[in-house]
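Enquirer: What follows is the residue order along each chain.
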Amino acid sequence: MSETGHSATGYIIHHLTNLKVGEGFWTLHLDTMFFSIALGAFFLWLFMKAAKSATSDVPGPLQNLCEILVEFVDTQVKDSFHGHNPVIAPLALTIFVWVFLWNFMDLFPVDLLPSIAALFGIPYLRTVPSTDLNSTFGLSISVLLLLYYYSFKVKGPVHFTMEILTHPFGKWFMPFNLLLRIVEDLAKPISLGLRLFGNLYAGELIFILIALLPWWVQFVLGWPWAVFHILIITLQAFIFMVLTIVYLSMAHEDH
Amino acid sequence: MNFNATLIGQMITFGLLVLFTMKFVWPPIIRAMQERQKRIADGLASAERGVREQELAKAKASQLLKEAKQQAAEIVAQAHKRANEIIEQSKQEARTEGDRQLVAAKAEIEQEANRAREQLRSQVVSLAIAGASKVLKREVDEAANAAMLDDLVAEL
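Taken in order, these protein sequences are the chains called A and B. Per our numbering, the very first residue in the first sequence carries number 1; after that it's consecutive. Per our numbering, the very first residue in the second sequence carries number 1; after that it's consecutive.
Rather than coming from a laboratory, the hints here were simulated on the basis of the structure. Since this is a predicted model, take the numbers as computed values, not measurements. Since no wrong hints were added, every one of them can be taken at face value.
Quick list of in silico lysine-lysine cross-link-like pairs, BS3-like style, CA-CA up to 27 Å:
{"no.": "1", "chain 1": "A", "residue 1": "K49", "chain 2": "B", "residue 2": "K38"}
{"no.": "2", "chain 1": "A", "residue 1": "K188", "chain 2": "A", "residue 2": "K78"}
{"no.": "3", "chain 1": "A", "residue 1": "K52", "chain 2": "B", "residue 2": "K23"}
Output of the computed footprint for chain B on chain A, the stretches with three or more beta carbons under 8 Å from beta carbons of chain B:
{"no.": "4", "segment": "19 to 26"}
{"no.": "5", "segment": "30 to 43"}
{"no.": "6", "segment": "58 to 66"}
{"no.": "7", "segment": "93 to 99"}
{"no.": "8", "segment": "133 to 145"}
Glycine included, each C-beta is placed from N, C-alpha and C at the ideal position.
Based on the sequences and whatever the hints tell you, model everything.
Expert: This is the structure:
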């Protein structure tokens, strides 16, 4: 436990506080940025290493791992996305692996990295980027922007406007259609972002609560929760990826 | 838990990650996989072709074997036939030769017999003459008896 964690509330609040710089909107969560960029770099390093030595002969273990993931994502994209867009599959792979790595940080003991950071004089450290709303919404808003970009590109401005105004109830309900569309498009990034955030935030909170128990009973709850969490983190990464593919495929289809 | 610049930072990070994945990660891996897929498919196809060709070769080989056996049987049969012919011919020749020699021998024997008979006849004549001359001693008119002796010779 750290110095502010003498009371349970203080301990929890300490664990839920980001390392920040800046004021107001221009605050930057250094820990979130650091871990997400580090994990992104790790992802790129791993996959580029595999890609550089990629061979059609017998693949090595690293290439096997990457191929399994690539094929898994490729299958998902081919199942849900009917159209040709070279961006979708790499995008889905990036989302899946990156979000998985974010979530994976949750499996590190809650006090391990913050305690190490405290030794170097860093007062706060949140290690799981997906428990930061800014991360999950950064992703989901990016997806929304892509959704609009491709809707515009594929359908053209006129067709796209027509779709917004006349779908699903015909041209006599234009304002209603527009309202419905706004709600629909707002729901997409919010549900995407909040789902990931909520799952991981709750998971982290429970790990923190378990950490408050006496050390000799922690494993009784901590171990099953960690095992269960292996499922959660994979599932959440998968859901995020699949919904992204589905949304983008909707952007490519004419109603 | 407020929205702040981290959001924008994360969006930029995400954009860069996607860009890098698209440029450097996805294409080589997917290319290697497709290449391997193609190679495996080719390998399987050629294996199947090989099996088919082997079957074809086997069938051809057994066909050839059958033909060869048949030819061999024909050759053997022909040889047998020829051998029989040769034997038959030789027998025929031997028989003819034997007959010929037999005839020649018979002719010779006949000739010899004739000659011996002739000789014998002449000897008998002279013997008879000698005997008669001895019996008759000197009273014999050779000229008168000659005709009678000739008659005797003709009777022999």
